[in-house]
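Engineer: Listed below are the residues making up each chain.
2 protein chains.
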Amino acid sequence: MKQSLRLLKEKIPINKYSLYVPKCGVFPKGFKVGSIASGVKKNGNLDLGIIVNTNTKTPSSASAVFTTNRFKAAPVLQSQRVLQETKGSNINSIVVNSGCANSITGEIGLKDAKSMCDIVNKQLKSDKPSTLVMSTGVIGQKLQMDKIEKGLVEIFENKKILGDDFEHWLNVAKSICTTDTFPKLVTNKFRLSSTGQEYTLTGIAKGAGMICPNMATLLGFILTDLQITPRALKKMLSNATMRSFNCISVDGDMSTNDTITMIANGAVETNKPVDIENAQVFNEVQENVTSFAQQLAQLVVRDGEGSTKFVTVKVLNSLNFNDAKTIAETISNSNLVKTALYGEDANWGRILCAIGYSKLNDIKSLKPEKLNVSFVATDGSEPKELKLLINGVPNLDLDEKRASQILALPDLEILVDLGTGSEKCQFWTCDLSHEYVTINGDYRS
Amino acid sequence: MKQSLRLLKEKIPINKYSLYVPKCGVFPKGFKVGSIASGVKKNGNLDLGIIVNTNTKTPSSASAVFTTNRFKAAPVLQSQRVLQETKGSNINSIVVNSGCANSITGEIGLKDAKSMCDIVNKQLKSDKPSTLVMSTGVIGQKLQMDKIEKGLVEIFENKKILGDDFEHWLNVAKSICTTDTFPKLVTNKFRLSSTGQEYTLTGIAKGAGMICPNMATLLGFILTDLQITPRALKKMLSNATMRSFNCISVDGDMSTNDTITMIANGAVETNKPVDIENAQVFNEVQENVTSFAQQLAQLVVRDGEGSTKFVTVKVLNSLNFNDAKTIAETISNSNLVKTALYGEDANWGRILCAIGYSKLNDIKSLKPEKLNVSFVATDGSEPKELKLLINGVPNLDLDEKRASQILALPDLEILVDLGTGSEKCQFWTCDLSHEYVTINGDYRS
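Note that the protein sequences, when read in sequence, are chains S and B. Quick note: the first sequence uses the working numbering, first residue 1, plus one each step. Quick note: the second sequence uses the working numbering, first residue 1, plus one each step.
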C-alpha cells in the first residue's frame, strides 16, 4: 500500500453523529410522532414510526415524489393510490417501517401495505384513506404483519410513545434508519417577509448507498405547520426534490422504494393558505422548502456508505439547466473521480473526461475552449479557488501543494464553468472508499 | 472484516499472465511489427510500437472507430483526418505510443501527432498520408518528441527490431500496455466456407479501467491478410465494435483516446476483395471479425483493474436491441451489482433494481410479470441455471448453497430474459474490489 492511502487509513474517522445530529429543536405545531421496536429488525432497534397530524382546525395537504424505478415496491404503489384518491387532501398520517422493504412481494405485499394504512386509519377513527406508507429494508421478503400490527396498536395505546418532544422526533428519525450511521433530522423556523408569519419545517430522511438485501432506499419526509393548498404543495415539493434529493449521488443506483413525502397541516394561524395564485408568498415558501430539502439531502451524502468526503459539484453558465445537471451528475457518479477524491489526488483529467462523455441534450452546451474547471476550498483558506483548466487549456503553473491542501479537506467544491449560457446546477457527492466495497461486498455475515 | 471477505482476501490470485497470454501463434501475411523503449515511460519498458504493411501487390484498406468523448486527444483527431483524406485506402502503418496520451495538449499536441505520422511516412518513403497514430498514458502533458523521433528511426534502422515472429508481435502488445497486468494478443486462422480461402486475424488491445493521469484508454487493432474493400471494412468494424468493445464495462468511464483500428492488406491470394455486394462472403467475414473482436474485448475485462471475476450479462428476448443493450449495460455498470459479485453474494435484488432504473427507449421492453433472472454456471457443473426470479416472482425455494457455488466461480453468467420480443445483447463485466479503489485512489506514489 502506498503512502497516501496509508495516511488515509490512519486518519481518525469523523464522528458524524456528534457533528450532524441536533441536540434539541423546535417542531411544527399540531403533529405527534412516535416509534417502537416492533421486532422486524432482528437487533431490537426501533423499526416502526408514525407521524400524526393532530390539527383539526384546517384541512391538511400532502404530496409525494416517488422512485421512477420500474419495479415499485408495494408501499409506493399504495401511497400513490391514496394520493390519487384523496387528491392530496386530508392526509393525516405517515406510517413507516424499516427492516423489510415490502418490495417484489406481489399481491400479498400490496395487501400488507394497504393493511398498514388501514390499521392506522382505524386508530385515528378515520373512515377515509388518510395515511401514507413507506418501507425500507430487505427486498423480496414478506412483511411480518403480526409484529407490525401489534407495534402500531401499542404506539397508539401507550401514551408515552406518541408525543411532540425532541426525543420523540429523534426516535422517529432513528426508526427509519437501516445502514445509516446517524439519524437525519433537520428542523428550522422561518418568517415570511411578505406576511411576517412564522412557521416551522421539520425533515427526516434516511440514506442511501445500498446494503443488501436492502435497496438503499432513500426515504424522506418534510412536515410543516403552514397551510398550503394541495396543488401548491405538489409544485413546491417537486421543485425542491429536483434540486435536492435528485441532485445527490452516493453510488448512482436507484431503489424500488425511494419516496419523499410532505405534509402541511396549517396549524399556524393564517388568513388563507399558500397557493400558486399568490406568486410572491408561493415563491418565498418554495425557496425555503427547496433550501431546507437541500440541507436534508446533504445529510444523506454525508452519510454515504464508507464516505470520507463531502463534495459539492457546481456547474455554472450552461446553455440550459438539463445539460448543467447532466454534467454535474456525470462527474458526481464517476468512479474514477470518486476514487481520486478518496485518494486526495488532484486528478483534473478524470473530471474533464467525465464532462466529455456526459450525454448532453445540446452539444452546444459544451465548448472545450470556453471551459474552466477549478477546485474550491470551503474552509476560508486562500487562495479559495485553484484553477485547473483555463479556457480549455490546462493550468501549467498548477500549485500542486495548494491542490493537496484543498483535497485534504473533508468538504470541498468542484467548480465547472461552461461559459455557454447562464443556467446552473449543483450536485452533492461523496468519495468511493475501501469501506464502501467492504460494506457492499459483504452484507450477509 | 467479515468472513467471506476474509476468505476472498486469502484467495490465491489468478496468474492472469500465464492464463491469457499465448506462447506462440501464426500471424497474417505481409505485416512487420516492431517496438522499442523510447524513454517516454520512465521505467524503461517498451512504449513505442509500429505495424507496417509490407504487401504491395494489392491495395490495403483501413478503418477505425473512435471515442465519442467531446475531448478528443490529438492522435484521435489526426487519425480521423488521415482516414478522411484517404477514404481508408492505402493505409500502410499504425504507430502507437504509451506513457503519454497527447491529450488536452492544444495545437502543439496536434502538431506532434502529425509529426509521428510524418516520421513514419518518411521512413516508408510514402509521399501520401498512410499512417494512423494512437497514444495512451498521462494526459495534459506534452509528448517528448525527441525521444519518439529517435525511437521511430531506430525501429526502422535496426533490422532486428522490425519483424514478423511471435516475439515481435508480443512485444508490440507489451509496448501499448499501461496499467495492464498482461499484454493482450489474440491470433486465429479462419477458412471461408464459401470460397475455401484461408486467412488470419491478429488483434492487440490494451485496457481499461483507468489509472491516472492515464485516462484508461482502450486501444485495439485488428490486422488481417484478407482483401476487403474500405466500405466493407468500415461496416464490418463498426458492427464488430458495437458488439465487442462497446459491450464491456470495467468502470463505466470513457477516455479521450479510445480507438479501435483495423487494417486489411490483401496479402493472401484472392479473386476479388470482400465487399458488401457479395453478401454471403461479407456476412461470413463479418461474423468472424465480430467474434474475434469479442475475444479481444473480453481480455480487457479479464484485466479490469483489481477484478477477480469475469461476468457475462446476457439479456434475451427483448422487444428491441437498444433496450437489451441498455439493460445489459446498466447491470454491468452498477457498483452495487459489482461489489455483490466481489463479495460472492447472491444479491438478485440489486440486479432487479438496476434493470428497473435502466433508461429504456420503449417502456414496453420491460414487463415485470414476464421477467426471468438467473445465475448460470460456466464450469459444466449442474444444475447449470439457477432461477432467481420467475415471471416476476422471487424464487422462494432458492438453493442458497448452489447460489454460493456459482458465485464462487471466477467466470459466471447473469441471464435476464425479458420475454417481450426476440432481440438480445450480451455484455462482459467484472467485479469491483478493494484493489480497484487502491489502484485508482493512489496513482501518484
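To be clear, the hints were calculated from the coordinates, so they are not data collected in a lab. There's no promise every hint is true.
Same chains, same label: a pair holds when it works inside one copy or across any pair of copies.
Subject to a maximum C-alpha distance of 30 Å in a straight line, what follows is the list of computed DSS-like cross-link-like pairs (lysine-lysine) [said to hold, decoys possible]:
no.	residue 1	residue 2
1	Lys367	Lys272
2	Lys122	Lys370
3	Lys41	Lys367
4	Lys370	Lys142
5	Lys387	Lys159
6	Lys424	Lys359
7	Lys159	Lys189
8	Lys142	Lys272
9	Lys314	Lys87
10	Lys23	Lys87
Engineer: It remains to establish, for every hint, whether it holds in the given structure.
Structural biologist: Do the hints match the structure? See the list:
1. Lys367 / Lys272: Cα proximity of lysine 367 and lysine 272: none, with 49 Å in one copy and 46 Å across.
2. Lys122 / Lys370: neither (62 Å within a copy, 37 Å between copies)
3. Lys41 / Lys367: neither (52 Å within a copy, 32 Å between copies)
4. Lys370 / Lys142: Between copies only: 21 Å across, 55 Å inside.
5. Lys387 / Lys159: Neither. Shortest intra-copy (59 Å) and inter-copy (48 Å) distances fail the 30 Å Cα cut-off.
6. Lys424 / Lys359: both (17 Å within a copy, 24 Å between copies)
7. Lys159 / Lys189: Cα proximity of lysine 159 and lysine 189: one copy only (27 Å, versus 82 Å across).
8. Lys142 / Lys272: neither (45 Å within a copy, 67 Å between copies)
9. Lys314 / Lys87: Result: close neither inside a copy nor across copies, 36 Å intra and 43 Å inter.
10. Lys23 / Lys87: neither (37 Å within a copy, 71 Å between copies)
Violation of the numbered hints given earlier is confined to hints 1, 2, 3, 5, 8, 9, 10; the remaining hints are satisfied by the structure.
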